[in-house]
Amino acid sequence: MTSGDGTTTVEATHDAGVHGEEALAGVHGEEALAGVHGEEALAGVHGEEALAVLRRQAQHLIAELAGPVRRIRLRSGPAVLEVEWHPEDLARADVPLQRAEAAPPGAAPAGAPAALNWPPVPGRAAVRAPIVGTFYRAAEPGAKPFVAVGDLVRPGQPVAIVEAMKLMNEVTADRAGRVVAILVEDGHPVEYDQPLVELDPA
Amino acid sequence: MTSGDGTTTVEATHDAGVHGEEALAGVHGEEALAGVHGEEALAGVHGEEALAVLRRQAQHLIAELAGPVRRIRLRSGPAVLEVEWHPEDLARADVPLQRAEAAPPGAAPAGAPAALNWPPVPGRAAVRAPIVGTFYRAAEPGAKPFVAVGDLVRPGQPVAIVEAMKLMNEVTADRAGRVVAILVEDGHPVEYDQPLVELDPA
Amino acid sequence: MFETVLIANRGEIALRVLRACKELGVRTAVVYSAADADSAVVRLADQAVRIGPASSRRSYLNAAAIVEAARQVGAQAVHPGYGFLSEDADFAEICADNGLTFIGPPPAVMAALADKSSARALMSRAGLPLSPGSVAPVPNAAAAAEVAEAVGYPVIVKATAGGGGRGMTVVHAPGELRRAYARTRAAAQAAFGDDRVYVERYLSEARHVEVQVLCDSHGNGVHLGTRDCSVQRRHQKLVEEAPAPALPAAVLDTIAETALRGALKVGFVGAGTLEFLVDAEEQFHFLEINCRIQVEHPVTEMVTGIDLVHEQLHIAAGVPLRWRQEEIHLHGVAVECRVNTEDPERDFAPTPGRLERFTPPGGPFTRVDTHASAGYLIGPWYDSLLAKVIVWAPDRELALNRLERALEEFDIAGPGVHTTIPFVRRVLDDAAFRKGRYTTGLVDRLLAAPAQRPTATPAPRPAPAAEPDVTHRRTR
Amino acid sequence: MFETVLIANRGEIALRVLRACKELGVRTAVVYSAADADSAVVRLADQAVRIGPASSRRSYLNAAAIVEAARQVGAQAVHPGYGFLSEDADFAEICADNGLTFIGPPPAVMAALADKSSARALMSRAGLPLSPGSVAPVPNAAAAAEVAEAVGYPVIVKATAGGGGRGMTVVHAPGELRRAYARTRAAAQAAFGDDRVYVERYLSEARHVEVQVLCDSHGNGVHLGTRDCSVQRRHQKLVEEAPAPALPAAVLDTIAETALRGALKVGFVGAGTLEFLVDAEEQFHFLEINCRIQVEHPVTEMVTGIDLVHEQLHIAAGVPLRWRQEEIHLHGVAVECRVNTEDPERDFAPTPGRLERFTPPGGPFTRVDTHASAGYLIGPWYDSLLAKVIVWAPDRELALNRLERALEEFDIAGPGVHTTIPFVRRVLDDAAFRKGRYTTGLVDRLLAAPAQRPTATPAPRPAPAAEPDVTHRRTR
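Protein chains in written order, with my numbering: chain A, 1 to 202; chain B, 1 to 202; chain C, 1 to 476; chain D, 1 to 476.
FYI, nobody ran anything at the bench for these hints, they're computed from the structure.
Among the hints, erroneous ones may be present.
As the list claims (entries may be wrong) - Residues on chain A that point at chain D, a partial pick, calculated with CB under 8 Å:
#	residue
1	Pro122
2	Gly123
3	Ile131
4	Val132
5	Ile161
6	Pro189
7	Glu191
8	Tyr192
9	Asp193
Said to hold, decoys possible - Facing chain C, according to a computed beta carbon distance under 7 Å, are these residues of chain B, among others:
#	residue
10	Pro130
11	Val132
12	Ala164
13	Met165
14	Gly187
15	Glu191
16	Tyr192
Since we're looking at a predicted model, the values are computed, not measured.
Virtual Cβ for every residue (Gly too), placed ideally from N, Cα, C.
With these hints in hand, go ahead and build the complete structure from the sequences.
Given below as structure tokens:
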């Protein structure tokens, strides 16, 4: 869900448990919105545009996330969009942002496969596919996988291979962390930027 | 700017003077918006729809108003939209709601004539044209006009005639008040619902 | 050509007429109700006059207000579109009295043809075959029963003043006739202020084939071939195509030539449509004549290359017809479907609402006529026609594939808004329709069959809509 | 026919190809960059594969990723659209090596024709008249000067590897030649990795006339008449029409027949375009051949009724041509204009941004090809082509009126977004254009004249756009 812009933040909380005094249905989030709106009024249309982008991204995020969501917060530069739901409304957390809109009726599920809906847990990192191709966990058939769940990896350590056009592209971790999950089956096709290995950053 | 719905309210204040502590650029208005949004989340999309209508109407309203605007407030049923501008931002009071959007570039000014942009002052009432036709201030050429600026009128009192297809349609005041202005030149065409005579309600 | 034309309609047809005027360099003025202040045609017209509130009786059916608006804008002619006042002979006469050219046939011709019984009599004298039944109105139930016995059951009792789906009752057996007769008369009196009815044989499994004609004010006329409009639900057309499929060319030619002869004999002027039922034996029977542009006129435009609204304007301006019959050629196949904001799952109930997304299809040989756009509010006041999708192809199979492709693309979404697109796609999938061997019974058969709903989560049901203004909801 | 076709492009042409596939019952897969994840074609395709980031070098120009995607989706064929890899003979060969049908000519033919100098030589041998100049690349400045003296100034120095607007320099006088020669070579080396150039006479006031051909893999070919694309700004086409106006039918026929002969002689297969300059004496000179679908192909579709992308697919699948030359008839006139998100007031600089409103025109004989819709974000990464508006009419004057009408309707708005619509409307208003008597000098003349700006308040200027990815910004 990163947009390539270094200042972009996306958070989503799946926690359906208790929550504090701030969780006044929507008001907190909208207040943040209002504040930004007020500040941005001087800057002309850029704030509105940024917020429109945030709204759109929020719709996508909600559509992509599985299970009930309690709170989302998106920031891009100075613009912030935050929405928080009542726990009793978890089942319909999509309503304020119209989940239906993100999935046009009758449209076949094309584009991003389920695995692109990532991260499932905030704070987790992923090693992603640098190229479209076939994912392999080991350097060659029968060899030991580069990494397994529970392993600690260093930045730059090879964790997988993506084969494209018979060229083996080594995939390396960009940070240190513990392998939480292997997200793709060995030998399966992957798209560009698809999360392959989930890390709990060290 | 009424939409034929009895519960619709539109106010616009042209006053560019001092203003109180509530005029925190946009925040006041957006707080009202947030409050509604939160309440309406339970009611599904209806609140959102109502607010979208308000925003749209606010854009139109701002585009139609002449001169700098300090505050607008729109209500339709339970939904409220309120925006207030800083006095130093008066010249660009249109920016947050994108005035440009309401006037497509290249589009000829069709539709509502300027006179439909009414009322210029909150609290004022208008006697409006019941039919498209020609406006006459007197029952026949040379006769004394029904009313003149400064006159007090009673509910039901004739104030003008609109001729359509050679039929004279008497136009009567629907409330008591003092005539503040005659808004159309004698003998000029008027559209349905066009304000004809401005009243300061008694 | 006229300097200024007043468009006395709304929705897609108002935009259609505006386009034609602009293309011919004619200044455009349009009337609108308070509900349509934000419409595309108001935005695009050179001038727009607000003539009344949302209620069509006080706006689009308000002859005095429309004539007054024409005077205000200095129009020389009024284009009535379809529906509303388009077939109102009184309105045509009021226009004439006020020095305005009504774009349609002369008022006297319109008056004679608007009465179905009178139109039947005129066309019968002009040599058109009628379905078996009475020509004059039947004076009482006994006379109705006599006609029914003579032509054989089932029969249909029709109000002479009726329009399309309203004022007609099908009677399957003698025992039902007396009550149906009384009920139709009463309904006709209530709806049209005219209780005269006539009786004709009812053809349940026939094809609705119609012929487009253009007649100028100098006695010349041409036909532009046939259209099949058998895909109807309660006499409301859903899918139309040109030319009529799966009938021999000789039969189609005969129908078209006969229709043109009839139109010329009754003094018809303008763009008109003669409707026929064609039975299983390929015999054709005159139904009625429509004295205005039809909703489905684009399919004829796409197979002939002739812009029918341009021709209406030329004819009204007194220009002689610009084609001889032998210069008119039909190429390929065109199919139109109507995208109505109705829910096929709830008996086609209208579903008003705000359009959050609205992206019509585009691409080769694909035409969309619509007044809507993203953000458009579909009100409860008027007709539920949102858009027409029309495609052309060299052959029928490719045209149907193209229409399916276009409908798949059409992206319409808004809270509570449903459209007839899923139902039209069922029609296009139907084997009999695909073969071109379908009749007016097709829709009922599909509605009786269990619909295969897409597996998508059902959208929330909208709040019950306000009662629509029914005056405009007639078949065209 | 293929079961699955991979569409290796984006924007309106990807959607155009998708439509053709769907209409022929072919399963569609599309590749996309991270920037296009929300695009219409990704939504509509049966399958979509993300192949890289926004940068086209790493996505739409990434042959390995595209072939890998084709493998993943099980495609039998790849449609390259225009631009990107559509004329890359290496890519065509990689496709062949991986068992994929590249929808275009055989790789060897493409390789020979992609080199302008080699194409000139081949076509000259095939009997096509060239503009006076060198056929082979000139080895040095002295040789260039010799050619220039022989043909007369002004001349144009062209890179053999160049495409459209890039890699060419006009030289008006002998004193400028040496520097222009050196500069063009250096630029060609930098842009294409190939510094060969040739010299030909420069025709400043000529017409750009091109011929659409279809050739199957069995040695059959037809031409589909001519197009005029003289309305160009720096070799970027803005308005195109079919057939080329104001030239005698005999001249157009000769050009079209000569072009087809040339295409068949060089072994061309698929849909291709041969471009010519026609001088004031109605002499025509071969310029280059394009081995792919052109942006302006819809005008030919509208006058012939033939879907060119369908034919590309049929030809690639080995089907023999479905028409003989005498079965192809041209009807009426079609005109296309390109709606680019560029600001004509700022030297046509791209203006990316979010579209708040986007309502394309509709109605009779009006086609819009676009990938955009309300809410669409125009990124800074690719081509600025937002939409093509194409109209048809029985005659040229009505077609131009219709295009003006359509452009007036087109409602596009977003912060900072400008389009070429106002400039195109100036072209349509131009007296010489109206008469059909215009040349490639038209746009420069209009740009030199003071623009009559509409009186509306000028919109705020956008922030400077990021540098667009230029690889895709070549003339088509």
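Hints versus structure:
Interface restraint check: proline 122 (chain A) against chain D, minimum CB-CB distance 22 Å, threshold 8 Å, status violated. The beta carbon of glycine 123 (chain A) comes no nearer than 23 Å to any beta carbon in chain D, farther than 8 Å, and the hint placing it at the interface is violated. Because the beta carbon of isoleucine 131 (chain A) sits about 6 Å from the nearest beta carbon in chain D, less than 8 Å, this interface hint is met. A least Cβ separation of about 5 Å between valine 132 (chain A) and chain D falls short of the 8 Å threshold, and the interface hint therefore holds.
Annotation: interface hint on isoleucine 161 (chain A) violated; nearest CB of chain D at approximately 14 Å, more than 8 Å. Evaluation of the proline 189 (chain A) hint against chain D yields a held restraint, the C-beta minimum of about 4 Å falling below 8 Å. For glutamate 191 (chain A), the interface hint holds, since its Cβ comes within 8 Å of a Cβ in chain D; the closest pair sits about 4 Å apart. For the restraint placing tyrosine 192 (chain A) at the interface with chain D, the shortest Cβ-Cβ distance is roughly 5 Å, inside the 8 Å limit, so the hint holds.
With its C-beta approaching chain D no nearer than about 6 Å, aspartate 193 (chain A) sits inside the 8 Å limit, and its interface hint holds. The beta carbon of proline 130 (chain B) comes no nearer than 9 Å to any beta carbon in chain C, farther than 7 Å, and the hint placing it at the interface is violated. Here the hint on valine 132 (chain B) is kept, as its CB sits about 5 Å from the closest CB of chain C, short of 7 Å. The beta carbon of alanine 164 (chain B) is positioned within 7 Å of a beta carbon in chain C (closest approach about 4 Å), and the interface hint is therefore held.
Restraint check, methionine 165 (chain B) versus chain C: the minimum CB separation of about 4 Å is within 7 Å; hint holds. Interface hint status for glycine 187 (chain B): violated, as the beta-carbon distance to the closest one in chain C is roughly 12 Å, over 7 Å. Restraint check, glutamate 191 (chain B) versus chain C: the minimum CB separation of about 4 Å is within 7 Å; hint holds. Against a cut-off of 7 Å between C-beta atoms, the interface hint on tyrosine 192 (chain B) holds, since the closest Cβ of chain C lies about 5 Å away.
Violated hints for the displayed structure, listed by number in ascending order: 1, 2, 5, 10 and 14.
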